[in-house]
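Q: The hints should help you fit chain B onto chain A, whose structure is shown.
Note that the protein sequences, when read in sequence, are chains A and B. Residues 1 to 464 in the working numbering are what the first sequence lists, from first letter to last. Residues 465 to 788 in the working numbering are what the second sequence lists, from first letter to last.
No wet-lab data here; the hints were simulated from the structure. Please note that the accuracy of each hint is not assured.
Said to hold, decoys possible - With a Cα cut of at most 20 Å, we get these calculated SDA-like pairs of lysine to any residue:
(1) A/Lys458 x B/Tyr539
(2) A/Lys274 x A/Gly382
(3) A/Lys301 x B/Arg616
(4) B/Lys521 x A/Phe463
(5) A/Lys301 x B/Asp615
(6) A/Lys458 x B/Lys636
(7) A/Lys458 x B/Arg616
(8) A/Lys458 x B/Glu537
(9) B/Lys636 x A/Asp443
(10) A/Lys458 x B/Thr520
(11) A/Lys458 x B/Leu751
(12) B/Lys636 x A/Lys93
(13) A/Lys458 x B/Asp547
(14) B/Lys636 x A/Phe463
(15) A/Lys458 x B/Thr536
(16) B/Lys521 x A/Thr123
(17) A/Lys269 x A/Gly445
(18) A/Lys458 x B/Phe543
(19) B/Lys580 x B/Ile562
(20) A/Lys458 x B/Ala676
(21) B/Lys636 x B/Gly650
(22) A/Lys93 x A/Gly382
(23) B/Lys521 x A/Glu456
(24) A/Lys458 x B/Trp522
(25) B/Lys636 x A/Ser449
(26) B/Lys521 x A/Thr462
(27) B/Lys636 x A/Leu441
(28) A/Lys458 x B/Asp615
(29) B/Lys521 x A/Lys274
(30) A/Lys301 x A/Gly382
(31) B/Lys636 x A/Gly445
(32) B/Lys521 x A/Asn122
(33) B/Lys636 x A/Gly393
(34) B/Lys521 x A/Arg146
(35) A/Lys458 x B/Lys521
(36) B/Lys580 x B/Ala676
What the hints assert, rightly or not - Some residues of chain B that are not near chain A, with every Cβ distance over 10 Å (derived):
(37) Ile490
(38) Val622
(39) Asp629
(40) Thr787
Ideal placement from N, C-alpha and C gives every residue a C-beta, glycine not left out.
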Amino acid sequence: MTSDRRVRVPRSPSPSEVGFALGEETQDPGTEAGSGLSRRSFIVGAAATLGTGAVLAACGGDSDETEAGGAAEGGGDLGEVTFGSNYSDEKPKEALAAAVATTGLDVAINTVDHNTYQENFNTYVQQPDDIMAWFAGYRMRAFASRGVVGDISDVWSDQLSGMSEGFKSASTGLDGSQYFVPFYFYAWGIHYRKSLFEENGYEIPTTWDDFKALCDTMQADGLVPLCAANDGGWPQMGMFDMINLRVNGYDYHVSLMGGNEDWTSPEVKEVFAKWNEILPYYQPDANGRTWQDAANALGDKSAGMYLLGNFVTSNFDGDTQQDIIDDIDFFLFPEINSEHGQDAIEAPIDGFMMAASPANEAGAKALLGGMGQPAAADAYIGVDPSVVAAVSGADTGSYNALQNKAAELVGGSKFIAQFLDRDTDPDFAANVVGKAIADFLADPGSIDSVLATVEEQKSTYTFE
Amino acid sequence: MATRLPAAKRRGAARKKLSLNRSDRIWLVAMVAFPAALHLLLVWIPALLTVVLSFTKWNNLDPFSAIEYVATENYRIIFTIFDTNLFPAMFNNFVLVIWLTICSAIGMLLAYLLDKEVAGSRIYQSIYYFPVVLSLAVVGFIWRSTMFSRDRGLLNMVWPGEPIDWVGDGQKLFEFSLPFLDFPLGLSRNFAALLVAMAWRHIGYIMVMYLAGLKAVDNSLKEAAAIDGCNEWQSFRQVIFPSLKPINVIVIVITVIEALRAYDIVAALNEPRGTEVLGTLVTNALLGEGAGRVGVGSAYGVVLLVLCIGFIIWYVADHYRKTA
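This is chain A alone, in the form it adopts within the complex:
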């Protein structure tokens, strides 16, 4: 039973767990560690974590202090700042140290294996370092509303001019103050093969009717229009989020995720009614398919489009399938309700929070401000080019086409959602909503009773 500890509730991957597969022009032999979960490395990784549970557990106590910065002028006055980091792989670790060095502060980075860090965060956050790496959305808000992380609204007003409105709202707690500095992200969108669209003369759809018409055309051309995976219960949450954001808008979505709306309401039923319209275009049996298997259908051009995060490219091998990686592009989910247009996008964000009462508050705020500058992002990307920086004004010269697209679409979005299992109580997401979505996919006709069950079970959660 020692291995059980490593098998956890499945959830959508964090930006730090998956990177962008890099295009040919930027491919550097050393970046494989950063390019995330290819199918092969996932299986090997799974086997390794199972086999070495005890070893990893033993490593959990280790932390490894790195001194960064301190040399540059101006940092000395503020004294040492401590920084809890889960950037534990070699490349991200080096990249983070380079980014921290640009702030010119005296920083002690305390690096912990990222699985251990995330599992123990509840305990760690009680006695944290001055600033710590974490995620945006509910995963930040839950800690913010319990008062265990510090308000950094003044950092936002004084230092973070380079962040778009969307990033600011994603960093804002329920009380309207900011608690988070975004660092990098990946985006969710509808991925497709550029060459397939060119060969068949398909146009990028911007409205729901165009989208369905394109699906019909693809079906007539003998393609499966939409790749569909739901193994682990999270991939199809993205479809729910996108349709809800388009039909009911970002504010309603946040309110629904916050437990303040009725799941049996006409608004939610409308989401599933719209969803039902495109189910005939799905690959059959979505519930048992892994996102990697679905991505293979995109790779061999048997399917046309795939709503997933940009990490879809990491399914393909950088050495033998480079042509596929370079051929994948994505577009925004089409407009359904003209009131909301295409104003929202999903993009899980990694970034930093401050302790509720840091030992060195002035230093912590200076460091957070510094990490939100283009210089820090540039230094990070210089070492690990598989990410897309949140701050506008970062040097995009090393980006490949997909990274540029992600930066452009997310930077231009008015609202950034984090993904269902990051935007609400994770237990509610996995055990109630995820289950309901799987039930809906298996039997779309049962949606009324499925939603009634969600509403009933929702009453046992507090969403604080």
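A: Just chain B now, with coordinates in the frame of chain A:
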């Protein structure tokens, strides 16, 4: 074996016990007390704390002082609001008890055949035993990616019809209703597929235990049975099976425990709908970053504990009734 000792011999044993010297007694007390203390500390105290926590509400993030007593609210939640999780999970655990018992019987049969020293028995033995060295979580990973995968799994390659979604298809193979539930219970297709993967491992495990047991059966017993004119079945039923009693006891215990604690293989398959077991309900409620539902998870745990204790009490009572 509860052979009755002659009264004199028993008295002798008692007298001998009294004659232990002081250091013997200290050792004896230490050898009993130390494991007993460990057992209490690591098993029963956490179990009791689980029972206590199941009557509280706590999110494992707030300090202990925030633990709130909610009486039986968590049980109301799991028995009425999450009944669509709890009862299918209990049913799946029940199916596992039955299924693994059948697998144990198959394991015994294989062991009996292999013990006959048929040609190549060592090769068969190794083949059947091989899966046992893998943890069930690993068995889950292997079956998920190589056998069950809908698009590139072995099963669908050899299956002549439309591909089957072995992992995700929670449709029920059969259903029945219980008077106090407003939804039917039944065996899902994907859980049935998972049972096959579990059998792959469990049969070999049980086979090895019986092989060891059979090696210990006195050959003269078998010969005597043969001389008395027993056929194969009579010899097995009347002579060999009774002499395997100690192994049978262990196998029953292992089988029931494996069935009740099942978790890892379901988790390795990413817990598709229809395959919930009590173990996954407990961990799903307890693990997670911001929002552990300690009370609800503990209540699921207590249900599991009660089932286990029920089995233990039945088993111990039965054992003593027979030996008395």
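Q: Hint by hint, say whether it matches the structure.
A: For each hint, the structure was consulted:
| no. | hint | result |
| --- | --- | --- |
| 1 | A/Lys458 x B/Tyr539 | holds, 16 Å |
| 2 | A/Lys274 x A/Gly382 | violated, 43 Å |
| 3 | A/Lys301 x B/Arg616 | holds, 16 Å |
| 4 | B/Lys521 x A/Phe463 | holds, 14 Å |
| 5 | A/Lys301 x B/Asp615 | holds, 15 Å |
| 6 | A/Lys458 x B/Lys636 | violated, 26 Å |
| 7 | A/Lys458 x B/Arg616 | violated, 38 Å |
| 8 | A/Lys458 x B/Glu537 | holds, 15 Å |
| 9 | B/Lys636 x A/Asp443 | holds, 12 Å |
| 10 | A/Lys458 x B/Thr520 | holds, 19 Å |
| 11 | A/Lys458 x B/Leu751 | holds, 19 Å |
| 12 | B/Lys636 x A/Lys93 | violated, 49 Å |
| 13 | A/Lys458 x B/Asp547 | holds, 14 Å |
| 14 | B/Lys636 x A/Phe463 | violated, 34 Å |
| 15 | A/Lys458 x B/Thr536 | holds, 19 Å |
| 16 | B/Lys521 x A/Thr123 | holds, 18 Å |
| 17 | A/Lys269 x A/Gly445 | holds, 12 Å |
| 18 | A/Lys458 x B/Phe543 | holds, 15 Å |
| 19 | B/Lys580 x B/Ile562 | violated, 28 Å |
| 20 | A/Lys458 x B/Ala676 | violated, 53 Å |
| 21 | B/Lys636 x B/Gly650 | holds, 6 Å |
| 22 | A/Lys93 x A/Gly382 | holds, 13 Å |
| 23 | B/Lys521 x A/Glu456 | holds, 19 Å |
| 24 | A/Lys458 x B/Trp522 | holds, 17 Å |
| 25 | B/Lys636 x A/Ser449 | holds, 18 Å |
| 26 | B/Lys521 x A/Thr462 | holds, 11 Å |
| 27 | B/Lys636 x A/Leu441 | holds, 15 Å |
| 28 | A/Lys458 x B/Asp615 | violated, 35 Å |
| 29 | B/Lys521 x A/Lys274 | violated, 38 Å |
| 30 | A/Lys301 x A/Gly382 | violated, 34 Å |
| 31 | B/Lys636 x A/Gly445 | holds, 17 Å |
| 32 | B/Lys521 x A/Asn122 | holds, 17 Å |
| 33 | B/Lys636 x A/Gly393 | violated, 55 Å |
| 34 | B/Lys521 x A/Arg146 | holds, 16 Å |
| 35 | A/Lys458 x B/Lys521 | holds, 16 Å |
| 36 | B/Lys580 x B/Ala676 | holds, 13 Å |
| 37 | Ile490 | holds, 35 Å |
| 38 | Val622 | holds, 18 Å |
| 39 | Asp629 | violated, 4 Å |
| 40 | Thr787 | holds, 31 Å |
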